[in-house]
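Trainee: Residue strings, one per chain:
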Amino acid sequence: MTDEIRFEHISMEFPGVLANDDISLSIRNGEVFALVGENGAGKSTLMNILYGINTPTAGSLYVRGEKVTEFSPKAAIDRGIGMVHQHFMLVPSFTVAQNIVLGREPKAANVLFDNKKAEQLTRELVAEYGLEVDPSAEVRDISVGLQQRVEILKTLYRGADILILDEPTAVLTPQETDELFEVIRRIVREKQMTVIIITHKLYEVMAISDRVGVMRQGRLIGVKNTCDVTERELASMMVGRPVLFDQLEKTGEPGDVAIEVDDLYVSDNRGLPAVRGVSLSVKQGEVLGIAAIEGNGQSELLEAITGMRKANRGTVKICGRDATGKTPGEIRAMGLSHVPEDRLSTGVDRAASVADNLLTGRHKEKRFNLFGFHQRRSSVERYAEELYEKFDIRGAGIRTEVGSMSGGNMQKVVVAREFSFDTPVLIISQPTRGVDVGAMEFFHTRIIEKRNAGAAILLSSADLDEVFRLSDRIITLYEGRITGEFRADAITKEQIGLYMTGTGEGAKA
Amino acid sequence: MKNVLAWIRRHVNLGYIAAVAVSIAAALLIDAVILLAAGHNPVAAYRELIVYPFSTAAHFGNMLEYAMVLCLCGLACVVGSRVGIFNVGGEGQLLLGGLVAAFVGSRMSGMSLWIVIPCAALAAMATGGLYAFIPGVLKVKLKVNEVITTIMLNSVAAFVCSFFATSVWKNTRFNEGIDVSEFRFATLIPGSKLSTAIIGSALITFFVWYILQKTSKGYEMRLIGDNPRFARFAGLKTDRIVIAAMVVSGMMCGLCGMFRVYGAEKAFISTRVSNEYYFEGLMVAMIAQYQPIPTIVISIIFAILKSGAMGMQSVGVTIQIYWVMQATVIFCMAAQSGVMTAIRKAGERRAAQRDVAARKEGGAAHE
Amino acid sequence: MNNSGPSFWTVASSTLHMMLSSATPVALAALGGLLTEHAGIMNIGMDGMILMGAFVAAAVAAAIGSAILGVLGAILFGIVVGLFFALFTVKLKSDEFIIGCALNTLALGLTGYFARAWFGVKGISSEAYFSKLAIPLVKDVPFVGNVFSGHSVFVYLTWLLVVVMWLFVYRTPTGFWIRAAGESPETLRTAGKNPERMKWIASILCGVFCGLAGAYLSLGNLNGTFVEGMSDSRGYIAFACVIFSAANPAKAYLAALMFGFFDALGGQLQGVIRSDLPFAYLTKAIPYVITVVMMVYVVVRAQRKRTRMAKQQFKNLG
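Chains as they are written, first to last, in the numbering used here: chain Z, 2 to 510; chain H, 952 to 1318; chain C, 190 to 507.
It is worth saying that the hints were derived from the structure and are not from the lab.
A couple of the hints might just be wrong.
[Stated by the list, open to error] The calculated lysine-lysine pairs, modelled on BS3-like cross-linking and capped at a C-alpha distance of 25 Å, are: (1) K440(C) / K75(Z); (2) K391(Z) / K327(Z); (3) K1165(H) / K365(Z).
[What the hints assert, rightly or not] A short list of chain H residues far from chain Z (calculated; beta carbon distances all over 12 Å): (4) L956; (5) R961; (6) G1061; (7) I1162; (8) Q1164; (9) K1165; (10) T1166; (11) Y1170; (12) R1173; (13) L1187; (14) T1189; (15) D1190.
[As the list claims (entries may be wrong)] Quick list of simulated restraints, FRET-style, between CB atoms: (16) L1154(H) / D263(Z): 52 to 60 Å; (17) F374(Z) / V485(C): 29 to 37 Å; (18) V485(C) / F15(Z): 49 to 57 Å.
Quick reminder that beta carbons are idealized off the backbone N, C-alpha and C, glycines included.
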């Protein structure tokens, strides 16, 4: 086998983020190569470079030995590269056939679009690759699985022999996933195609790929032959963090139950079931950690508990009061604060100052308001200064725009605000994503302080070490269901890894 | 002295002021070319432009009256945009408010001024608010594009006003008009349209500025406008506040219509009460980047342009040049900020390349 | 029936005749506006584009003495205006709404100003214009003749253009690309076509169509006269038609007919029912209300469909 694609010292920087850091990688002709890593590890960015959507900031790319000089999708298509994006690139109001031929339409009389020919070409492709789909159906009316087929057919129509699939199974049912893998195997076997598949589901890597590359924080951690590694090894490469911390001192006994979730069902943005019958409870003075690989329902679960998302079925109780179907404001009033998963889109007002961000939620308090409406800036700023000091926020002061701060300091603003409410219940998601090691230690200490003071904490993190370090109990979520529940001191990371990938004993039973 | 400088630096965006100044200067240069093309003398014309608004008390009064209308309309737009809703329907809300206010006045003939004026004002605000409520609710509950619905509702309002003012509610000998001269605001500067309504406008202006910049309500509105998801996350009642802001915006427009009827025109005649004034106010708000204080300042600048355009008639330039000047200012402003964005993007990319290069060198040194 | 008044058939045929002629400029502008709409640009600057078209057509025709060259001038100027519009909305990424507003204001100012400055107080009045065509045979058919004969050539040209545009939008690759550019620009980009270029094309064509609409107003409808502000909100009506028809050329023409019908109806009602009530104002408002109702209906229908599909997928997965 020869090198089909070669990345040489590729770096890609977006304003403030180094998404790809000096990556060198070769992909061979006729193989299925899996690229794994957590969200934000830089997988999609790297593939977008290959497909010409991003122009790398530094480094070079070779396709079949030829150096790529022009980065554009058009040039990539001409080079025989096809990509199925995570968010489908389809025009909803066009038919299947019209989507497939978009950009290279068959013409009648040299001017008009030949719809019959388009549908016929589609049918031929369908027959050739065995990807059953109705050419004349409008794309907005067909299921997600079929839409993905259209995406694949589209690349085949354009004559691609290198196919990039960006998290292709994220939206598929298990049956649809099996069918997709069947198709991938067939095109590799029969058409000698090269397939690159981006994913974070490790069993899929084992099922479909010949080789696998692991990315973390913009770097390529390693490349292995799939037959030489186990899921466990891959998982530790993905999330592992070499730095070892001291043990944190946990004191106190668990009190009353403060968070109670019963048989909860929640759907994701596409209306697909994301949480399927989850029940859990968290006591005061206890941290319950959720260990799950990205996209297994943990985000939707936390959003449903905090009121950001409607549950389809089931109940949520906060401090003994029914919180099901309530607004975030009402649930907060019951005694909950929330450090959200995505601080940029949910946790802060980027355009507002640090002071204004720290104030949110307390802005109606008497001490900040004269006569109940006039905002007392001096009190606000004094209060903000206080938190600024207490949480060791580092920046150009409380009047700076939050949007201009680093990720770690922005997170400190969020944590400072949410922790300052002193509520009995804390929901914490990804507390240290994109945060440097020093700040991480700071957050961990704060979280345990809260626990020791008697708060009930529900924690979700992509970082397994973090979950272990902070939690008293751990539950594993896989495809929206709880696959196991453990005392944190009675299980190892390796064992948890099995439950997270749905292969643990609990899942089998 | 140092404190003063620090205060200015903190509260005044000098870059923005420079941008507006450059845009206006560029627009006036372009307009000079247009004046030349039409065979007029730009120097003489611009002399009139600057002198005329301040030449007599009446001119000055008319200028202020127009600034008041622009400012009210502009601020109405600001109130909406502060929570992320774009009220384009101010024209319709203004007209309907004026119409209903005029109707109320025409039916209360003989009563005390002190009863009629508040009634008319309340009626105008209620009408304007209600007419803004419709697109507000449609936007919040169904996500129907408020820009398009308000554009449609503007036309509906204009026709409805014409219908009533030319027929069933008409009380003048003329083709159109609901006369309310019995109850008008007192004229402040004789011979001009400036009435005591400007005191009301000043109060409202102050009030809006105060609410938006100095209160916790204004704070909440700002959060919603910046990041509605964050606002919801933080527990604010976002839907209710957005609709309320839209209604307030409509009420301001309605009241502005009432001011036009009872202050400047003394009667309701649709084309005279508002000749797309709201759209001009909207452009003012846009140039002011939806901030209250700049809205006030730019309203006055535009009012001077309009008044000055009247003055330019003495050298043969017709009043339409005002629209040309207004539009060219907008285009210069847009071109300027568009070019700025492009420059910034290119700069960011170069900076990224430098960063990576620097990192590489640093890495090599370590190795 | 009132014997003293005109017969029902006379009123009906003249109403429909008026409907056709007043629908024409709106339909022409809407044919352009639906392209920008498809390309994903909210274009409320059509009113200004029409006004400039009307001015240029009348001015050129008056200066050269040829109505055809007047139309040609309006088309060429339409291209310039389309380029100008795209420069701001596509290239500089300015707020489409503000640019549209500013374009309308600019048109109102420039045309009014130059009409006075160049042509004096009387305004522009061109000797050359398009006269109304009496169509042989058709004009003699009772009722039908009154409705369809005696229009300017633009009315019939519009029918042709509706067909051409329908083919262009739904049956040519460029039409597909323009639609994809608005609906899903990244899809088009990954298909190797540039969505920005499609937006430029749509803007330019929109300028051309609005130029034609303007030329009809001054040279076709008003016998060579340019009147200040003569577009009279037709750009907004065209915009409403585009929204109403979901940017389908055939439906947009029907929507324009609807606006034309209510426009004509009011005047007739006033004549027939009560002369002191200006019904025209109320009937003219009706189509706008219908457009808003239509927008709400479209959204509600789409929402229902989405929940239905989600439910189905939920069921499938168990």
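Trainee: Look at each hint and say if it fits the structure.
Mentor: Right, here's what the structure says about each hint:
Straight-line distance between C-alpha atoms of K440(C) and K75(Z) comes to about 35 Å, which puts the hinted pair past the 25 Å bound. Taking the CA atoms of K391(Z) and K327(Z), the gap is about 32 Å. The hint is violated against a cut of 25 Å. Distance restraint check for K1165(H) and K365(Z): the Cα-Cα separation of roughly 13 Å lies within the 25 Å cut-off, and the hinted pair is therefore satisfied. Every Cβ of chain Z is farther than 12 Å from the Cβ of L956(H); the closest lies at roughly 17 Å, confirming the non-interface assignment.
The Cβ of R961(H) sits about 8 Å from the closest Cβ of chain Z, inside the 12 Å cut-off, so the non-interface label is violated. With a least beta-carbon separation of about 40 Å from chain Z, G1061(H) lies farther than 12 Å from that chain, consistent with its non-interface assignment. The Cβ of I1162(H) does not lie farther than 12 Å from every Cβ of chain Z; its closest approach is about 8 Å, which violates its non-interface assignment. The beta carbon of Q1164(H) sits about 9 Å from the closest Cβ of chain Z, which is not more than 12 Å, so the claim that it is off the interface is violated.
For K1165(H), the shortest C-beta to C-beta distance to chain Z comes to about 6 Å, within the 12 Å cut-off, and the non-interface label is violated. For T1166(H), the condition that its CB be more than 12 Å from all CB atoms of chain Z is violated, with the nearest at approximately 5 Å. A Cβ of chain Z approaches the Cβ of Y1170(H) within 12 Å, the least distance being about 6 Å, so the stated non-interface status is violated. Chain Z draws R1173(H) into its interface by the beta-carbon criterion, the shortest separation being 7 Å against a cut-off of 12 Å.
Remark: the non-interface label on L1187(H) conflicts with the geometry, its nearest Cβ contact in chain Z lying 7 Å away (cut-off 12 Å). At roughly 9 Å, the least C-beta separation between T1189(H) and chain Z is not larger than 12 Å, which violates its mark as non-interface. Some Cβ of chain Z comes within 12 Å of the Cβ of D1190(H); the nearest lies about 10 Å off, and the non-interface call is violated. Hint check: L1154(H) to D263(Z), Cβ distance near 55 Å, so the stated range 52 to 60 Å holds.
Between F374(Z) and V485(C) the CB atoms are about 36 Å apart, so this pair conforms to the stated range of 29 to 37 Å. For V485(C) paired with F15(Z), a C-beta distance near 40 Å fails the hint of 49 to 57 Å.
In the structure shown, a violation is registered for the earlier hints numbered 1, 2, 5, 7, 8, 9, 10, 11, 12, 13, 14, 15 and 18, in ascending order.
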